[in-house]
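Protein chains in written order, with this note's numbering: chain A, 1 to 190; chain B, 1 to 190.
Don't read these hints as lab results, they were simulated from the structure.
A few of these clues could be false.
A pair counts as met if it fits within one copy or between any two copies, since identical chains are not told apart.
Computed cross-link-like contacts, BS3-like style, restricted to lysine-lysine with a CA-CA straight-line distance of at most 25 Å [to be verified]:
#1 52 with 189
#2 88 with 77
#3 52 with 64
#4 189 with 88
#5 2 with 27
#6 180 with 77
#7 52 with 27
#8 189 with 27
So the chains spell out like this:
Number of protein chains: 2
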Amino acid sequence: MKQSLGARTLLYTHPVVVIGTYDRDGKPNVMTAAWAGICCSSPPCVAVSLQKPRHTYGNIRETKAFTVSIPSEDYLKEADYFGMVSGKEADKFAASGLTPVKGTAVNAPYIGEFPVVLECTLLHSFELGLHTQFVGEILDVKVDEAVLGTDGRPEMARVRPIVYDSARQEYYGIGRLLGKAFSAGRAVKG
Amino acid sequence: MKQSLGARTLLYTHPVVVIGTYDRDGKPNVMTAAWAGICCSSPPCVAVSLQKPRHTYGNIRETKAFTVSIPSEDYLKEADYFGMVSGKEADKFAASGLTPVKGTAVNAPYIGEFPVVLECTLLHSFELGLHTQFVGEILDVKVDEAVLGTDGRPEMARVRPIVYDSARQEYYGIGRLLGKAFSAGRAVKG
Numbered sequence: 001m002k003q004s005l006g007a008r009t010l011l012y013t014h015p016v017v018v019i020g021t022y023d024r025d026g027k028p029n030v031m032t033a034a035w036a037g038i039c040c041s042s043p044p045c046v047a048v049s050l051q052k053p054r055h056t057y058g059n060i061r062e063t064k065a066f067t068v069s070i071p072s073e074d075y076l077k078e079a080d081y082f083g084m085v086s087g088k089e090a091d092k093f094a095a096s097g098l099t100p101v102k103g104t105a106v107n108a109p110y111i112g113e114f115p116v117v118l119e120c121t122l123l124h125s126f127e128l129g130l131h132t133q134f135v136g137e138i139l140d141v142k143v144d145e146a147v148l149g150t151d152g153r154p155e156m157a158r159v160r161p162i163v164y165d166s167a168r169q170e171y172y173g174i175g176r177l178l179g180k181a182f183s184a185g186r187a188v189k190g
Numbered sequence: 001m002k003q004s005l006g007a008r009t010l011l012y013t014h015p016v017v018v019i020g021t022y023d024r025d026g027k028p029n030v031m032t033a034a035w036a037g038i039c040c041s042s043p044p045c046v047a048v049s050l051q052k053p054r055h056t057y058g059n060i061r062e063t064k065a066f067t068v069s070i071p072s073e074d075y076l077k078e079a080d081y082f083g084m085v086s087g088k089e090a091d092k093f094a095a096s097g098l099t100p101v102k103g104t105a106v107n108a109p110y111i112g113e114f115p116v117v118l119e120c121t122l123l124h125s126f127e128l129g130l131h132t133q134f135v136g137e138i139l140d141v142k143v144d145e146a147v148l149g150t151d152g153r154p155e156m157a158r159v160r161p162i163v164y165d166s167a168r169q170e171y172y173g174i175g176r177l178l179g180k181a182f183s184a185g186r187a188v189k190g
């Protein structure tokens, strides 16, 4: 039996990503977001949604560039902090002790300690209501060599990304491998 | 040390969602997608990206409505199957034995057996390249009573959603609770 919860932003699962930008003076800032996802394969694009008052919003408008850094479980408290405080009031890199690294493909900083980074140039911005969606073309993906398997591809168990539960405002880790895509379904296909 | 993997659609984490639509004759269809995410809080909106050849693409254009059903781990093989076969060639509901249920808020079917469902009306469509992004306003969220905690909110351990690893085309379950959002970061904030 299903129960109606009304019109709300519930989804499973939400990612936890940290958006990196420079302001007009070249000062790096980061903020955490969960309203994000890949939105196109070619060109490869990622979408992140921000509210106008966010410091990052103005920075993306100014520089037309941003990075998406993926925190591992080890950086849960920093990732949460980056979503709690505005870059207008705090130097989040200084407070956290993490390292801003200038992207090689775009004019935006990423977090050196995080295992996976997307460098993006702004392609589109769409006004949706409370949030503006920024679509960035992914010009490069950088990963820590430590998260690569022997086949040169990242391994989930090494990246150890974080999932956000918006129903309860909680963070979860990744669990067990359930199956291979485009394979598990053959049992249904017959 | 970071290694460059080039321009590609890598992100952690991707959701696994199943998009439900009717065709012009009222026949229900579903397809699985990972290029999806919440994109606005008010109005509450979810974005799903589809390629033009998809049967679902034409259905959304036609009906201006879709649902997003979230599979639990129990329906991994069905969710994978729904991404392997086109609704132009197969009756995926018949093949899987799952139940199409007409939405109460929109003219689109959801999967009765899946624990969480979003009913959406088409607000925007954006041409991004290989993919078109459809932004749906979430008019209602329905959840199985069995996934609700005693406080009336869904519990992650009961929903048991699936995460997609695009680097290896694999599915994962959810792991352990890591911490509370807007709380864990206080350790940094001081």
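Against the structure, the hints:
1. 52 with 189: Between copies only: 23 Å across chains, 46 Å inside a chain, cut-off 25 Å.
2. 88 with 77: within (20 Å within a copy, 47 Å between copies)
3. 52 with 64: Classified as within: same-chain Cα gap 15 Å, cross-chain 28 Å, threshold 25 Å.
4. 189 with 88: Classified as between: cross-chain Cα gap 15 Å, same-chain 54 Å, threshold 25 Å.
5. 2 with 27: between (49 Å within a copy, 23 Å between copies)
6. 180 with 77: Between. Shortest inter-copy distance 10 Å satisfies the 25 Å Cα cut-off; intra-copy 32 Å does not.
7. 52 with 27: within (19 Å within a copy, 41 Å between copies)
8. 189 with 27: between (54 Å within a copy, 19 Å between copies)
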